[in-house]
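Whole structure, please, built from the sequences with the hints as guidance.
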Amino acid sequence: MLIKRASDIPSSEITPKQTYQNRRQFILTAAAGAGLVAGGWALKKLTEPEDEVAAGAKLPHSKSAFSTTETPNSLRDITHYNNFYEFGTDKEDPAANAGTLRTRPWTVAVEGHVKKPKVYDIDALIKMFPLEERIYRLRCVEAWSMVIPWLGFPLGEFIKTLEPTSKAKFVQLVTLYDPAQMPGQKSGVLDWPYVEGLRLDEALHPLTILAVGLYGEVLPNQNGAPIRLVVPWKYGFKSIKSVVKIRFVEQMPETTWNKMQPSEYGFYSNVNPNVDHPRWSQATERRIGEFRRRPTLMFNGYGDQVAGLYTGMDLRVNY
Amino acid sequence: MKPISWLKLAVFLASLGPLARLLWRYRQNDLTANPIEFITHSTGLTALIFLLITLGITPLRRISRQYWLIQLRRLLGLFAFFYACLHLATYVVLDHYFDWDRIVADVYKRPYITAGFTAFVLLVPLAITSTGGWVRRLGGKRWQALHRLIYVSTALAVVHFWWLVKADIREPAAYGTVLAVLLGYRIVRWLLARAQQAPQAAAQPEQG
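As they're listed, the protein sequences go chains A and B. Start counting at 1 in the first sequence, then tack on 5, and there's your number in my numbering. Start counting at 1 in the second sequence, then tack on 12, and there's your number in my numbering.
It is possible that some hints are incorrect.
To be verified - From the derived model, a few chain B residues whose C-beta atoms are all more than 12 Å from chain A:
| no. | residue |
| --- | --- |
| 1 | Ser17 |
| 2 | Ile65 |
| 3 | Gly68 |
| 4 | Ser76 |
| 5 | Tyr79 |
| 6 | Leu84 |
| 7 | Leu88 |
| 8 | Arg114 |
| 9 | Ile162 |
| 10 | Val177 |
| 11 | Lys178 |
| 12 | Val193 |
| 13 | Trp202 |
| 14 | Gln209 |
Claimed, not checked - If you want the footprint, here are the derived chain A segments under chain B, 3+ residues with CB under 8 Å:
| no. | region |
| --- | --- |
| 15 | 173-186 |
| 16 | 308-322 |
Bear in mind the hints are in silico, worked out from the structure with no lab data behind them. Even glycine gets a Cβ: it sits at the ideal position worked out from N, Cα and C.
Below, the structure is given as C-alpha cells:
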C-alpha cells in the first residue's frame, strides 16, 4: 500500500526546494561523485588487458568442438570471485582460504550400482582419459555469469568404464568433508558434506565433464581442486567441487541446496529465464566484466544439445 | 567555533569515510570482480549501520548523561538517508540501468526488495522534515511521532538484509540483535515510565 501511494506522488510535490538545496547540497555532490566512479569503472573495464595466466603446472590437452567462441573471463576474476562455502560465504573467501586444502594424495571412491566399484587415485584417474579444453558459460543462480576455459574429460566416458547396472538411475557426488582443511565446514551454514546429483542420462551427456584444470593449468584449490563436476546448462551450484565420492543410486538423491530450501533450489536446477528464484529474477544476468545485464538463455544457451533430456517434463514443476 | 560545531564537523567528515573508502578501493581497482554488487552491498550496509547508530544516540545520552549528544542525531540520521540514496541509486542506475519494468517487478515480486524499498520510502519524510522549520510547523509531539518511523524503517532494513542472504544468516542476525537491544531499551523504559506514572498521576496530577 505504501509503495503504491508513494509512487503516485511526484517527489517535487513533497520536497520543498529550499529544504534540499541548502542542507543536502552534499548529497548531490556525493551522488555525482558516485556516478563518476561508476562511469570511470565501466570505461576502465573496457580498456584494461586480460590478466596473464599464472605460472603453474601445465596440462596437455586438445581443443573441443563443444567450446563457445565467447571471450573467457580473466583468470583473476575466475579464481577470485566464486562460491565455495567450505572456505567461507563471501565471493573472495575461497581465494583467501583454500590454501589449507591438500589435493594430494586424493582418492575418488566409486560406489553403488556399478559392476566395478573401486577407489581411484586422482593421478591414475586423470591419466585414464585425454584432457580437453571446454570453454563453457557458467551461470550462477545469483544472476551473474562468466565464461570459463575448463580442462577435463567427459564424466560419461568414465561412467562407461564403470559399467553401471540397470538399477543405477541417478548419480550422487560428494565433496570432501574435513573441517581442518575446509574451515567453512566448522559452521552450520550448510549441511556438510556438500552433495549433488544428476539423473544418469544427464551424467552421461557429452557436455557434462569432470574438470581438473583451468586456463591450461592444474585447477586452483578455490575452484574445486583436484577434481570437480561441470554441468554448463545448470546453475553453478550443481557443479560440485572437490569430489571424493561418486555413488550410483536407484532413487533421486539428496542435494545440499535442495535440502536447505526446497522451494528455491530444485533437483534439476536447469538455467531457465522463465522460472524465477524468489530472490533473483532469472530473466537477465550480469556477465562479470560487463556493465549492462544481458538476457539469460534457456538452458544457458545449451538448449540445442540438452533440451531433449527434458521432453515431456514440466520445467516449472521440475525446476 | 563552539566545541560542538567542531565535533559536528568531525562527525560529518568521519561519516564520509565509507564513501571515501569506496572511492579509494575504486582507485586501487579493488572493487572485486563484480563492482556493482560490491558497491550495492557496501552502501546498503553503511546505511543500516548509520540507522543503528542514530537509534543508539538516545540510549547513549541517557545512560551516559551526555545530553548534548542529541545534537549529533540529525546529522547521523541524514547520513543514513544519504547512504540509503546511494544504495538505491546503485540498484536503479548501475544494476538495472533504469530498466523500470524490471525494477517495478522486483519491488512487487521479491519480498526482500519490497522490504528494502519500503524502508527507503519511510525515510524520505524523515529526511524532509529534519529541519527546525519542520519541527515548528508540525509541533514537537507530531514531529516526534512521525520520526518514530525510523523504528519501522530500520526493522525493515534488517529484514531486507536477512531475506537477501542465501544461507549464512549470521551477519544479518548480528545487526538484528543490535536493533533488538536498541528497541528493547525503549520498550523497557516505556513500560517503567507507565508503571511509575500510574500511582504518581493519582497522587500528584499536576506533575504528570
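Separation of Leu84/B from chain A, once the least beta-carbon distance is taken, above 12 Å:
Non-interface label stands for Leu84/B: nearest chain A Cβ at 15 Å, farther than 12 Å.
Is it correct that the beta-carbon of Ser17/B has no partner in chain A closer than or equal to 12 Å?
Per Cβ check, Ser17/B is outside 12 Å of chain A; nearest 16 Å; holds.
Cβ separation check - Gln209/B to all of chain A, threshold 12 Å:
With a cut-off of 12 Å, Gln209/B remains clear of chain A, as the shortest Cβ separation is near 33 Å.
Val177/B clear of chain A by more than 12 Å, beta carbon to beta carbon?
violated, 8 Å
Interface exclusion of Lys178/B relative to chain A, criterion Cβ beyond 12 Å:
Answer for Lys178/B: violated, closest chain A Cβ roughly 8 Å.
Checking the smallest CB distance to chain A, is Trp202/B really beyond 12 Å?
holds, 25 Å
Non-interface claim for Gly68/B versus chain A (Cβ beyond 12 Å)
At roughly 23 Å from the nearest Cβ of chain A, Gly68/B sits farther out than 12 Å, so the non-interface label holds.
Examine the region 308-322 of chain A for residues whose CB is less than 8 Å from any CB of chain B, and state whether their number is three or more.
Since three or more residues must qualify, the claim that chain B covers the region 308-322 of chain A is violated, with 0 doing so at under 8 Å.
If we take the beta carbon of Arg114/B, is the closest beta carbon in chain A still more than 12 Å away?
violated, 7 Å
Non-interface claim for Ile65/B versus chain A (Cβ beyond 12 Å)
holds, 18 Å
Beyond 12 Å from chain A, beta-carbon-wise, is Ile162/B?
holds, 15 Å
May I ask you to check that Val193/B keeps its beta-carbon over 12 Å from the closest beta-carbon of chain A?
holds, 24 Å
Figure legend: structure checked against the earlier numbered hints; hints not met, in rising order: 8, 10, 11, 15 and 16.
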